[in-house]
Amino acid sequence: MRIVRKGLIGIFVLVMASFLCGAASAAEPIKVGVVLPLTGSMAKFGEIERRSFEMALEEINAKGGVKGRKIELVFEDDTGKPDVGRSAVEKLISRDKVPVVTGGYSSAVVAAAAPVAHQLKVPFVICTGAADDVTEKGYEYVFRINPTASEYPEATKSFLKGVAKVKTAVILYENTQFGQSSSKAFEEDCKELGIQVLMKEGYSAGAIDFKPLLTNVKAKNPDLIYMVSYVLDASLLIRQAKELDINPKLFVGGAAGFTLPEFQMSAGPAAEYVFSATLWTPNLRDKDYPGAKKYFDNFRARYKSDTEYHGAEAYASMYVVADALKRTKSFTPKDVRDALAATNMKTAFGPVKFISYGKKTQQNKLPTYLVQWQDGKLETVWPKDVATKKALYPTPKWSARK
Amino acid sequence: MKKRLYPLILLAVLAGFPLVVEDNYYQHLMILFLMWVVIGSAWNMIAGYTGQVSFGDAAFFGSGAYAAGLLAHHLHVSAWWGMAIGGLAALAVGFPFGWICFRLRGAYFALATLALNEVLRHGTTIAESFTRGMLGIMIMPTFVSKVPYYYIALGMAVVSVLSVRLLIRSKPGYYFVSIREDQDAAESLGIDTHFYKMLSLAFAAFWTGMAGSLYMNYMGFIDPHVVFSLHDISIMAILVGIVGGVGTVYGPTVGAFIMVAVQEMFRSGFFGLFKFLAETTGSESVRALADVLTKGHVLGFGLLVVLVILVLPNGIVGDWDKIKKKVFRIHSPA
Amino acid sequence: MDVFLQILVAGFLKGGLYALIGIGMTLIMGVMGIINLAHGQLMMVAMYVTFVLHSFFGVDPYLSLFVAMPALFLLGVVIQKYLLNPLIKAETILPENQVLMTVGIGMVLTEVIRFIFKSDYKSVTTSYTGATFFLGSISFSWALVVAFGIAVAFTVAMFFFLIKTDLGRSIRATAQDKDAAILMGVNTRRITVITFGLGTALVACAGTLLVPVYYVFPDLGGPFTAKAFIITILGGLGSTVGAIFGGVTLGLAESLGATYLGMEYEDIVGLTIFVLVLLFLPGGFKRLTKV
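First to last, the sequence lines map onto chains A, B and C. All residue numbers for the first sequence refer to the numbering used here, where the first residue is 3 and numbers rise by one. All residue numbers for the second sequence refer to the numbering used here, where the first residue is 341 and numbers rise by one. All residue numbers for the third sequence refer to the numbering used here, where the first residue is 40 and numbers rise by one.
Think of the hints as simulated: they come from the structure by calculation, not from any bench. Here the structure is a predicted model, which is why all the values come from computation and not from measurement. Fair warning: there could be bad hints in the mix.
Label-pair ranges, simulated between beta-carbon atoms [claimed, not checked]:
| no. | chain 1 | residue 1 | chain 2 | residue 2 | range |
| --- | --- | --- | --- | --- | --- |
| 1 | B | LYS664 | A | GLY70 | 36 to 46 Å |
| 2 | C | LEU174 | B | GLU468 | 36 to 46 Å |
| 3 | B | GLU468 | A | GLU194 | 45 to 55 Å |
| 4 | A | LYS65 | B | GLY463 | 53 to 63 Å |
| 5 | B | ASP522 | C | GLY224 | 27 to 37 Å |
| 6 | B | LEU351 | C | GLY322 | 41 to 51 Å |
| 7 | A | GLU142 | B | LEU647 | 17 to 27 Å |
| 8 | B | PRO488 | A | ASN300 | 19 to 29 Å |
Covered, in the sense of this in silico footprint (three residues per stretch, anywhere, with C-beta under 8 Å from a C-beta of chain C), are these stretches of chain B [said to hold, decoys possible]:
| no. | region |
| --- | --- |
| 9 | 388-399 |
| 10 | 415-427 |
| 11 | 447-456 |
| 12 | 579-588 |
| 13 | 649-656 |
Ideal placement from N, C-alpha and C gives every residue a C-beta, glycine not left out.
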């Protein structure tokens, strides 16, 4: 039992030592904080983003870092929960003394962490969390690279205006922050386009059987079915729409799940002809999206798995942060913030410039795209000038498919 | 004599803490700890003393948080006013809650509380136009510094623990315990068990609701999944109670400290200890171990829960004598 | 009318799977008198077993029943023997320690699976995944029809096992009155271990049957645990026939609620029925059927 006691004391000493070791860091590299969901149900995307951050970091450091100093990333796991995310940001700012924090996947985490950054006056560069109101509160230290949830359907809107002139629509969405806000935005877009919304209904993610919902949809017989869903809800919806033989003129996904390879894998041939909004594709033009394709290929070669727009957001954020660190007068959070505010650069995720418009402040504005699954591949179909394939419209009936 | 001094020493340490430790991060953890003291003490009253194991504490927590949040959102007044009504809102939820659940006993009671909390969570999500659904409610925290929150939380924790102490040493307290030990016997002795169970629940609901509105004010953001969470609130409350020791006055305090500390310890890889070791030793195996530990932190937490229940079924305070005997080889005078 | 019939069919087929999940839970709850809050998580583990067998060895999900069920039976036995039974001895104020232990076990199972497979969404696509046949204008999913058939077969088998065999009788005796069973010479410890194993094997069966039409994800246990206890309370503790009624009722209620109230009310409908049954029909359908 003496051993147990000694062991306990040992553990105590180690823990105490660990309390102190954070403070005793070498002055050499510049630390940048990153909050991401590395465990928990969102860990899949957290992992893609972490890898993208690391890839960008290595490229930057290989080119000499910033001002002769290397950058070091301090990752904190937010587990996808707002209170944990807040703890993580607090820790990064007050213990690791980072001059800038980036990352932020879940909208809820971002919403809870942004006021912390604002109050502690350390810049927070959000790369994914899309809740509209985060950049509507006038937080001086909060920047966002990705478009807000309400802007995701922009390309869909112009496609509906230009090509698919439908009359009626049904909107289905998962009951999450992202689902509720982007479905609301699309409903307004429909109003603007004169499309009659026959039905707008939410569901809780993870349902086994969407037939009750889809049977109602079938009875309404809409021209367009717009769905905001994550990967496997998305594939279940499409599979069961096929089972029930629902034939609208087009299925459109509102980003999130519909662009991932898992969607195609799980939905199989049912995925064909499905459209989806997206923020990024690897084959965008180099003029505005320098390195997009290269990033995509490198990621694949290195990690033997696919990446998508979330990864590109993370990859670009690293470059934006590094760019600001290069231009800043000193490494105090205040100066870094000022440097970030003056950002005007092109990244693999598109041009980045933090502007104010409408109620929003320090928000990057980017165009969005429409993609479609054709022959098992995701092809960009809209806007026309970046399209890789022509959009297949209208969608053939299930019975007319092979 | 000495034993009576412990709580006072603890209080003095806690009161002085933010003056000594100015690090935001530790202050933040301490605020969470104090909040869990309040919730844990409340749960301990209904479950530990009255024997009605509730799996639905989040219902009260969420009601308190939403009372504050909705007040701020709809009437544009400070969410601090919510502190005044948060506990009352939870009480208002508690009455129908008790009315439904107290017809049931044991496992059935636990399941009913769990189900009602789920109903509230779904309801809040669906009632988008009133609650903003999953968009959540976001307010600007009033203070930049953590110190005011710390002292408010400390005040709440102290008052809640003291009120537990007072209550269990009064007549209702003895009735609570008699209901826990044998409800039928208590009934046959003429105790209005329904009334006393309701009283106990009201106490629990009130304090949990207060903690909820503190959470709203402090965190500045809530959504239905966060505040009505089965795992993160209801079960965490139970764990705080169980780890510390059910049916003891200071059990939840010990439990709250351990749970908050351990959770954060696992999440941050023992506060970066392993990463530090990996960097100083430069050893690949230590680095791999650090990697595994950070990735599996929730697993570690889960294993710890299993272990505590196996080894210390009465919690740390409840099994203190056992711990003293086994680990420190101190035999308390029988 | 078409809508109504289609929903009835969908709810009924889903109810078959629910019944299978419920039977496992009802055995455990009936015999041990505790809620098993790791039930859905155990199902999730079975689904991963099926997934691994399919994607690495090309085993058809229906064949993998023969692996998944015994494997989960063993896992259940180990859990009961080494984690839950020791708690009976411990002197505690609250008897709920076992329930909390199952919470801990559920967490550990989820995280172990997440550790191995990451939070990736996996799915098993077979030739019959999206296959349907139509009766009139009503669509039937092949996979769900087969699952329903297997579920019914297992339920009937379980029913006769409990009524006719010695072991089955011992299990029922333990469920009815533990002390009396001990006096009659039943080794209740062994019975609890076997029951837990059986319950897990049954939920493993449900999980495996669900794989072709659903997907696999570490976090999917929780919602199914909730469904399992709703079914159990609807049916009455320890009653297999009750569990079938409970499962089908829940399936139908969810589907009808989702259609006529809205998909977001799906879960609320189930929970409301649950609370109503607790209040007005404590003991569930068992009280009505007496089986």
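Hints versus structure:
At about 58 Å, the beta-carbon gap between LYS664(B) and GLY70(A) misses the expected band of 36 to 46 Å. At about 38 Å, the beta-carbon gap between LEU174(C) and GLU468(B) stays in the expected band of 36 to 46 Å. Range check, GLU468(B) to GLU194(A): about 21 Å between beta-carbon atoms, so the 45 to 55 Å window is missed. The supplied range of 53 to 63 Å is met by LYS65(A) and GLY463(B), whose beta-carbon atoms lie about 54 Å from each other.
A C-beta distance of roughly 30 Å is found between ASP522(B) and GLY224(C), which places it inside the suggested range of 27 to 37 Å. Checking the proposed 41 to 51 Å range against LEU351(B) and GLY322(C) shows it holds: the Cβ atoms sit about 50 Å from each other. A hinted range of 17 to 27 Å for the beta carbons of GLU142(A) and LEU647(B) is inconsistent with their spacing of about 47 Å. Restraint check, PRO488(B) to ASN300(A): a C-beta distance of roughly 49 Å breaks the suggested window 19 to 29 Å.
Note: the region 388-399 of chain B has 3 residues with beta-carbon separation from chain C under 8 Å; the three-residue rule is met and the coverage holds. Here's how the region 415-427 of chain B fares: 0 of its residues keep a CB closer than 8 Å to some CB of chain C, so the rule of at least three is not met and the hint is violated. Chain C is given as covering the region 447-456 of chain B, and this holds because 8 residues of the stretch bring a CB closer than 8 Å to a CB of that chain, at least three being needed. Residues of the region 579-588 of chain B lying with their CB closer than 8 Å to a CB of chain C number 4, which satisfies the three-residue condition for coverage.
Residues of the region 649-656 of chain B with a Cβ under 8 Å from some Cβ of chain C number 4, which satisfies the need for three, so the listed coverage holds.
In summary, the structure is inconsistent with hints 1, 3, 7, 8 and 10 from the numbered list given earlier, while agreeing with the others.
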